[in-house]
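Letter by letter, the chains look like this.
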Amino acid sequence: MENKVTQKKSLFRSDATQKLLAFGSLIILFIVFSLASPNFAKFDNIVGILLATAVNGILALGVTFVIITGGIDLSIGTGMTFAAVMTAVFITNWKLPIIIGVVGGILMGGLCGFINGIIIAKMKVPPFVATLGMMMVAKGLSLVISGTKPIYFNDTPIFREIAMGSIFGIPNAVLIFFLVAIIASIILTRTVLGRYNFALGSNEEAARLSGINVDAWKISIYTLCGIFFGLAGVLMASRLNSAQPSLGQGYELDAIAAVVIGGTSLSGGEGTILGTVIGAFIMSVLTNGLRILSVPQEWQTVVTGVIVVMAVYLDIIRRR
Amino acid sequence: MKKVKKILAVAVCLVLVVALLAGCGQKEQPKQESKPAENQQSQTQQSQSGSSSSEKIYIPLISKGFQHQFWQAVKQGAEKAAKDYNVEITFEGPENESMVDKQVEMLQAALNKNPKAICLAALDSKAVIPLLEKAKAANIPVIGFDSGVDSDIPVTTAATDNVKAAAAAADKMAELIGGKGEVAVIVHDQTSRTGIDRRDGFVNRIKEKYPDIKIVDIQYGGGDQLKSTDLAKAIIQAHPNLKGFFGANEGSIIGVLNGVKEMNKEGKIVVIGYDSGKQQIDAIKSGVEAGAITQDPIGIGYKAVEAAVKAIKGEQLPKVIDTGFHWYDKTNIDSDEIKPLLYE
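Going down the list, the protein sequences come from chains A and B.
Residue 259 in the working numbering is what sits at position 256 of the first sequence, and the numbering runs on without skipping anything.
Residue 253 in the working numbering is what sits at position 238 of the second sequence, and the numbering runs on without skipping anything.
It is possible that part of the hints are untrue.
[As the list claims (entries may be wrong)] Computed list of lysine-lysine pairs in PhoX-like fashion (alpha-carbon distance at most 20 Å, straight line):
1. B:Lys222 - A:Lys152
2. B:Lys222 - A:Lys45
3. B:Lys90 - A:Lys152
4. B:Lys117 - B:Lys128
5. B:Lys283 - B:Lys229
6. B:Lys293 - A:Lys152
7. B:Lys128 - B:Lys149
8. B:Lys276 - B:Lys354
9. A:Lys98 - A:Lys45
10. B:Lys187 - B:Lys229
11. B:Lys187 - B:Lys90
12. B:Lys280 - A:Lys45
The hints are simulated quantities; they were obtained by calculation from the structure and are not laboratory data.
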């Protein structure tokens, strides 16, 4: 009897079922919107959805690693903006070659993440507080460095191509997002960092006792998250052809919502990259679909909120 | 044991509440007592500043924001007036235009400094009324700028008539699309006065005067360029026959321009904007955007401080100071009349 129950449980609990659930919801949303509006399932619109997912999706990918450790990173939104502003400073103000500006911008994101990691691992400040501080610092610094003005990439038209150039009609930003998702998935499932990532999230003390250098890996994971939001910043700047210093706040919540919809547990220890990718798509299909149907914005926000809670509830049932 | 803890917790809470209430009561009492004293103090201060001219009149300006280039231009105008009239100003505003509570706090802090007058661009015209009443009681004249308040406490308001200006944008739109077709609107938000006025100004004029023009969608992008871009794309996608697009502020219009560009609809959709900024100026020069309405932000800042100085001196002021608006396009963008009103 008991055996039967656990068997049933484990079937429902399996990762495959979970992914199927999330993927199924995405397909259902897609079908519903396609039926509701003839303009939804068009190539241009789908490309638009993919493009709208790219920046948010990369933020979500980065924060997935952090959430699997049982932590949180609230600085991804404004950290992204900081990276964008620094990229603009490197390329426009300092006249550095674009490639150096881009790498520099990404590394600036990494630096923010590294500092987050040090504060969390070495100074033992809770992640929520440490990254909340970074969120404000990054926001303030972006405004200070840019002089509260947007910085434009008008002298370097190639810069826009990083996100907006296209192959077979698919914008580079989308291709970069998929590529980054594959890399993230490999890191999470095939490397030591990925293994330890889960170990930290499941039981930090056990990980410590089994000889894992917990602090060092934590710092690495927050740095990795920083590199992701650095890259998101470069892509955002490229798409807008400018670094907008007042942007970014609020983006962390959308990204975290995508991760949660994708089945990663906020208490740590569980999560997949594919789940996050699907979660990010659910978010943008939802917003795009509701917009196409001209649903008033107020209701769009309500619907998104309900879906986030529903996703987590489903996840809780699944784990019971 | 558990029960004891529970009782203890409740007791502690009660003590805290009582302490808080007592604190409030205490706070209020000395305030009432000190009011006449404060008045006396300010009177002596006044007489002091009268005798020793070194102490400048202080006027705080509470704006809706400070990051946006528009507010930087308002600040610039205010600083110029401060110099001309030899007064001291401070210019502050919340980080974004939905932080009503933060602005209320700033207003409270400014009032606590006991200024001679105060200039306010209210984010929420009703939320600030209790504080304005306080200002009135303390004889501090309030000058509105950029947007009005639903109250007659402000001595005057220096602002663009947004309804009129957006209606002018609607007329231009009608002219440029030949009086018929589908148009869409992206507005920054649905709660602020400027958002409401610009939306209604545009929409009502179209409804009243141009029966063949259909407004197919009105959406709100929060002034966020990236969100407004995806918004604009979705609207264009949903309405392939769209002939015109109106963006009601800088962030919104940049979104519209990006959307039009990414959908390869440059030149196929008549784009009309509001305010200024480098991207919009470039788009108008290159012909992607037909033109835009500009307010006079420098004039708004200047006239607000000027009005405050006049109010302190006891001069009579009109209820509204219309700071005007202008239509600009390729033909007049570099003219002497328009150029000073635009900012990059």
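How the hints compare with the structure:
1. Distance hint between B:Lys222 and A:Lys152 is unfulfilled; the C-alpha atoms sit about 37 Å from each other, more than 20 Å.
2. For the hint linking B:Lys222 to A:Lys45, the alpha-carbon distance of about 31 Å lies beyond 20 Å, and the restraint is violated.
3. About 14 Å separates the Cα atoms of B:Lys90 and A:Lys152, which keeps this hinted pair within 20 Å; it holds.
4. The straight-line distance between the Cα atoms of B:Lys117 and B:Lys128 is roughly 17 Å, inside the 20 Å bound, and the hint therefore holds.
5. Between B:Lys283 and B:Lys229, the direct Cα distance comes to roughly 17 Å. Compliance with the 20 Å bound is thereby established for this hinted pair.
6. A C-alpha spacing of about 10 Å is found between B:Lys293 and A:Lys152, which places the hinted pair at or below 20 Å, so the restraint holds.
7. This hinted pair checks out: B:Lys128 and B:Lys149 have alpha carbons roughly 13 Å apart, not beyond 20 Å.
8. About 26 Å separates the Cα atoms of B:Lys276 and B:Lys354, which puts this hinted pair outside 20 Å; it is violated.
9. Using a Cα cut-off of 20 Å, the hinted pair A:Lys98 and A:Lys45 is violated, with the two alpha carbons roughly 41 Å apart.
10. For the proposed pair B:Lys187 and B:Lys229, the alpha carbon gap of about 15 Å is at most 20 Å, so the pair holds.
11. Restraint check for B:Lys187 and B:Lys90: not satisfied, since their Cα atoms lie roughly 30 Å apart, outside the 20 Å limit.
12. For the hint linking B:Lys280 to A:Lys45, the alpha-carbon distance of about 16 Å falls within 20 Å, and the restraint holds.
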